[in-house]
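A.B. asks: In case you want the letters, here they are:
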Amino acid sequence: MDTVTGASSLVRALEDAGCEVIFGIPGGAILPAYDPLLDSVKIRHVLVRHEQGAGHAASGYAQATGRVGVCVATSGPGATNLVTPLADAHMDSVPIVAITGQVNRSMIGTDAFQEADIRSISLPITKHAFQVTDPADIPAVIAEAFALAAGGRPGPVLVDIPKDVLAATTTYTPAQPVALPRVTPSAGEIRRAAQLIASSRRPVFYVGGGVVRAGAAAQLRTLAERTGIPVVTTLMARGAFPDSHRQHLGMPGMHGTVPAVAALQQSDLLIALGTRFDDRVTGVLELFAPGAAVIHADIDPAEISKNRKADVPIVGDCRDVLDSLNAAVRQSPELTSWWAYLDGLRERFPLGYDWPADGKLAPQHVIARIGQLVGPEAIYTAGVGQHQMWAAQFVGYERPGSFINSGGLGTMGFAVPAAMGAQCGVPDRAVWAIDGDGCFQMTNQELVTCALEGIPIKVAVINNGNLGMVRQWQNLFYRGRYSNTGLSTHERVPDFVALAQALGCVGLRCTEKSEVDDVIIRAMEVRDRPVVIDFVVGEDAQVWPMVAAGTGNDEIMTVRGIKPLFDEDL
Amino acid sequence: MTRHVLSMVLRNAPGALARVVVLFSSRGVEVESLSLDPTERGDVSRMDVVVGLPAGRSPDQLVKQLSRLVDVQSVVAVADPARNQIGA
Numbered sequence: 001m002d003t004v005t006g007a008s009s010l011v012r013a014l015e016d017a018g019c020e021v022i023f024g025i026p027g028g029a030i031l032p033a034y035d036p037l038l039d040s041v042k043i044r045h046v047l048v049r050h051e052q053g054a055g056h057a058a059s060g061y062a063q064a065t066g067r068v069g070v071c072v073a074t075s076g077p078g079a080t081n082l083v084t085p086l087a088d089a090h091m092d093s094v095p096i097v098a099i100t101g102q103v104n105r106s107m108i109g110t111d112a113f114q115e116a117d118i119r120s121i122s123l124p125i126t127k128h129a130f131q132v133t134d135p136a137d138i139p140a141v142i143a144e145a146f147a148l149a150a151g152g153r154p155g156p157v158l159v160d161i162p163k164d165v166l167a168a169t170t171t172y173t174p175a176q177p178v179a180l181p182r183v184t185p186s187a188g189e190i191r192r193a194a195q196l197i198a199s200s201r202r203p204v205f206y207v208g209g210g211v212v213r214a215g216a217a218a219q220l221r222t223l224a225e226r227t228g229i230p231v232v233t234t235l236m237a238r239g240a241f242p243d244s245h246r247q248h249l250g251m252p253g254m255h256g257t258v259p260a261v262a263a264l265q266q267s268d269l270l271i272a273l274g275t276r277f278d279d280r281v282t283g284v285l286e287l288f289a290p291g292a293a294v295i296h297a298d299i300d301p302a303e304i305s306k307n308r309k310a311d312v313p314i315v316g317d318c319r320d321v322l323d324s325l326n327a328a329v330r331q332s333p334e335l336t337s338w339w340a341y342l343d344g345l346r347e348r349f350p351l352g353y354d355w356p357a358d359g360k361l362a363p364q365h366v367i368a369r370i371g372q373l374v375g376p377e378a379i380y381t382a383g384v385g386q387h388q389m390w391a392a393q394f395v396g397y398e399r400p401g402s403f404i405n406s407g408g409l410g411t412m413g414f415a416v417p418a419a420m421g422a423q424c425g426v427p428d429r430a431v432w433a434i435d436g437d438g439c440f441q442m443t444n445q446e447l448v449t450c451a452l453e454g455i456p457i458k459v460a461v462i463n464n465g466n467l468g469m470v471r472q473w474q475n476l477f478y479r480g481r482y483s484n485t486g487l488s489t490h491e492r493v494p495d496f497v498a499l500a501q502a503l504g505c506v507g508l509r510c511t512e513k514s515e516v517d518d519v520i521i522r523a524m525e526v527r528d529r530p531v532v533i534d535f536v537v538g539e540d541a542q543v544w545p546m547v548a549a550g551t552g553n554d555e556i557m558t559v560r561g562i563k564p565l566f567d568e569d570l
Numbered sequence: 571m572t573r574h575v576l577s578m579v580l581r582n583a584p585g586a587l588a589r590v591v592v593l594f595s596s597r598g599v600e601v602e603s604l605s606l607d608p609t610e611r612g613d614v615s616r617m618d619v620v621v622g623l624p625a626g627r628s629p630d631q632l633v634k635q636l637s638r639l640v641d642v643q644s645v646v647a648v649a650d651p652a653r654n655q656i657g658a
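Line order of the protein sequences matches chains A and B.
Numbering (the numbering used here) for the first sequence: 1 to 570.
Numbering (the numbering used here) for the second sequence: 571 to 658.
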């Protein structure tokens, strides 16, 4: 038991919790914590340029490493700038701990300078939020915050600490390890699931991000190969099952592949693992997989039967569930005609694209070439919009955690700071942010951080001159009236190459198909600085296939107006 | 709209009540009445709430969502079929 300040206690508690990197910005209320941080040899502090960048970086770090990500901000505006990353991590079940300074205890509730009630603000977007009022509690609160963030269904936890609590003299008592209960999957439900699997004729593994969070990719592969059942991986699960595997049908949902969407729609048994029947996957819920029985395994009981009633509900960590299923499933179903149907779709409706009529680059080609040249050992991040969907469709993912994006909240600007965080956690892997020109303009300030801290991420700006996904909807549903979606980035305002250089990065531009491979290879050769590539692509490229919002999955269009599952008797 | 009675044991922690009430508001749950009383144990309180749920929403889902809150030690939906239909 040592006599220390609250701030020193905080830094030691973070070290004891295994924290090795913090993304943050100092300010008035958090100032005391930054003094002992200077002396820590275990924790690296990465000075970001905006608190939102700190939060998404913590998320990128957590998703790349499987460990808890940590971000720090001061009170008031510092704390409120963390709201978007907290909400993002909450939706995508990412374990992060956010530490915020707060005004002195005696000033709380007086509308003091830089006071914001961040604990209340964060109520619906965190797993839990603490406000520390006794400096002696700091070690226990930090230990509990880490355990809560990582335990059960992972998520963000906030720890708000008043300045005078950080400045006070206290004692440091190492926290007792916090043990959260681990639910064992019900043996009866596992038995019922195994029976349903054995007797099914058109089963499909509907795999979500929970499989990635649980580290259950190997167990999934074992069960999939033993049973021969087809697999679809959602946006959050890309990489949980190798794209090169012949049982993999791709991503389901609004921009899913025809075989993946058809597999769910025509299925007689959905084996849903760590997934939440999100509206982007199901389309109109009443029309989703109408003939399927549902086995639904999730660590969060509140997700089971939330949107679709489960016939076999299994509460548990996906790794435990898959281990149990691997032990229980003894008989594989007869799938010859099911595979004949799915293989036929795969042959007739592969993912494809047209080259733009204006002679510009096809964005899908650019992204596919990045995936092929950089390879599956890299980590890819994406923002939100068309480029994100193309990154999900046209990069081949072979490893869980190799694709990091904002799935649930759909946070534009996620790619650059998330790549920064991922690269800090996994310095030996190449990290590529596939970004849009709209997204890039929201968070590119973190490239300064990357340049100064030696974080050599690559950013491929898929520059179509527009808020592309919004423009696509305006094209399809608003008679081509393009209200406020043009960004002038094709007129080089801003000039992304010059901007990259101003931010301390290498800036490259690519406008011709013949240059694509060369520019990617040139970027790969730069190891001492971040690289930004401005890929000037056609503005009319659209994301296909598409299930329009408000329609059922059977109405999936391979291109505008062509609905293969709806129009044809397959 | 269907009416349900929930009985909870809540940790006496700062923000605990707010967390429960915010969950009701963000999940579209109407609160008809709410009472919070101390227990013989000093560290927890008992909370009884009468809520209205939109048609088709089950109280089980709400119970599971409330169970996720760190400050909620237990929660049950008390069967009360006699007054299950609001306005009946």
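Incorrect hints may appear among the rest.
Unchecked claim - One side of the interface only, derived from the structure: several residues of chain B facing chain A at Cβ under 7 Å:
(1) S596
(2) G598
(3) R638
In case anyone wonders, no lab produced these hints; they're calculated from the structure.
The beta carbon of each residue, even a glycine, is placed where N, CA and C say it ideally should be.
A.B. asks: Each hint: holds or not?
C.D. replies: Status of each hint after checking the structure:
no.	hint	in the structure
1	S596	holds, 5 Å
2	G598	violated, 12 Å
3	R638	holds, 6 Å
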